[in-house]
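2 protein chains.
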Amino acid sequence: MRHLADQIQTMKDFGFKVTHQRLVVLDYLQRSKEHPCVEKIYNDLKERYPTLSLATIYNTLEMLEKTGLVKDIGAPEERRRFDGIMTEHSHFFCTKCGKIEDLVISDKGHLMEAARNNGRSVDRLRLDFFGLCKDCQVEEKTVQES
Amino acid sequence: MRHLADQIQTMKDFGFKVTHQRLVVLDYLQRSKEHPCVEKIYNDLKERYPTLSLATIYNTLEMLEKTGLVKDIGAPEERRRFDGIMTEHSHFFCTKCGKIEDLVISDKGHLMEAARNNGRSVDRLRLDFFGLCKDCQVEEKTVQES
DNA sequence: CTCGTTGCAAAGAGTTTGCAGGCAA
DNA sequence: TTGCCTGCAAACTCTTTGCAACGAG
Chain A
1 MRHLADQIQT MKDFGFKVTH QRLVVLDYLQ RSKEHPCVEK IYNDLKERYP
51 TLSLATIYNT LEMLEKTGLV KDIGAPEERR RFDGIMTEHS HFFCTKCGKI
101 EDLVISDKGH LMEAARNNGR SVDRLRLDFF GLCKDCQVEE KTVQES
Chain B
1 MRHLADQIQT MKDFGFKVTH QRLVVLDYLQ RSKEHPCVEK IYNDLKERYP
51 TLSLATIYNT LEMLEKTGLV KDIGAPEERR RFDGIMTEHS HFFCTKCGKI
101 EDLVISDKGH LMEAARNNGR SVDRLRLDFF GLCKDCQVEE KTVQES
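Chains as they are written, first to last, in the numbering used here: chain A, 1 to 146; chain B, 1 to 146.
Please note: incorrect hints may appear among the correct ones.
Note that the list lumps identical chains together, so a pair holds whenever it fits in one copy or between two copies.
[Said to hold, decoys possible] Straight-line alpha carbon distances no greater than 27 Å define the calculated BS3-like cross-link-like pairs of lysine-lysine that follow:
id, residue 1, residue 2
1, LYS71, LYS46
2, LYS134, LYS96
3, LYS108, LYS46
4, LYS46, LYS134
5, LYS40, LYS141
6, LYS12, LYS46
7, LYS17, LYS99
Since the hints were made in silico from the structure, they are not lab data.
Can you make the complete structure from the sequences, with help from the hints?
Right under this line is the structure:
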């Protein structure tokens with residue numbers, strides 16, 4: 001666990017101002033163990049800080065994500081997408097051009113197994129990769145060299 | 001690849017009617033390799049089937065998902081959720097009670113490695129598990145026994 | 001003092017719903 | 001023929017934006 005001073009410094013390093021609201025949201029998320037949604041964060045904090053606005057929660061979350069102090073889990077980077085190919089495969093998302101490529105990863109058994117303890121049953125696994133696809137990777141290198 | 005007759009039978013087995021629109025959307029998704037979003041499906045099909053409505057695309061996708069003929073990828077089951085704990089971990093989503101549990105999975109290196117070919121660079125991986133948590137698992141068993 | 005940030009309300013994007021007419025079984 | 005399904009438009013939910021006032025640096 002990092003200290004408050006570090007977190008404040010991180011915000012400053014990114015050029016963000018350190019406001020009361022931002023510290024409140026950050027503190028809330030670091031104490032919470034239930035991976036709250038925006039509405040929950042808003043409602044819970046609203047009790048103690050009645051003037052806090054929903055837009056500020058959104059702004060703050062975006063800022064906290066950019067500084068790496070908070071993570072957005074399970075949410076898509078974009079809108080819903082559909083796949084009509086039902087053979088088992090994972091997906092690779094190019095973070096630059098947005099392309100989605102299919103990827104066959106074998107040997108997922110041990111992952112399932114690792115999750116299957118504490119009385120849990122696991123029947124599905126989502127394995128997504130993010131990075132640069134071949135084309136964007138090449139482009140990136142070209143830009144660096146020039 | 002399954003045959004059309006099988007797919008039609010699947011729809012019937014689930015008690016759904018086999019309509020022209022449903023077959024058109026299914027065929028489109030099975031031919032597409034780009035994991036299209038709803039809007040893309042709609043726009044592409046609209047050219048050939050001008051009376052097709054957006055609501056029908058949504059209805060059809062929901063129905064196709066239920067029958068397992070099509071998959072919704074990368075999209076969350078629900079709204080965005082946030083995590084203020086930044087130590088490396090994966091998530092387990094209970095499909096019954098909605099709870100999200102943290103899960104530490106070691107040895108993800110070989111997964112990254114497996115994706116890193118064809119000139120791709122991979123800098124992030126999302127590994128989510130879905131199933132029943134301990135509590136819901138116990139409850140399930142109790143119901144079966146009674 | 002300055003400019004990034006807040007709070008509020010209104011707008012936007014994506015998705016869902018209500019309903020009358022249409023069509024698969 | 002029957003009831004599920006379609007198309008259309010309106011409603012809804014979640015998120016973003018515009019703007020005047022505020023406050024951190």
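A quick look at each hint next to the structure:
1. LYS71 to LYS46: Within. Shortest intra-copy distance 21 Å satisfies the 27 Å Cα cut-off; inter-copy 38 Å does not.
2. LYS134 to LYS96: within (11 Å within a copy, 39 Å between copies)
3. LYS108 to LYS46: Neither. Shortest intra-copy (43 Å) and inter-copy (39 Å) distances fail the 27 Å Cα cut-off.
4. LYS46 to LYS134: neither (46 Å within a copy, 32 Å between copies)
5. LYS40 to LYS141: Classified as neither: same-chain Cα gap 43 Å, cross-chain 31 Å, threshold 27 Å.
6. LYS12 to LYS46: Within one copy, since 26 Å is at most 27 Å while 49 Å is not.
7. LYS17 to LYS99: neither (35 Å within a copy, 34 Å between copies)
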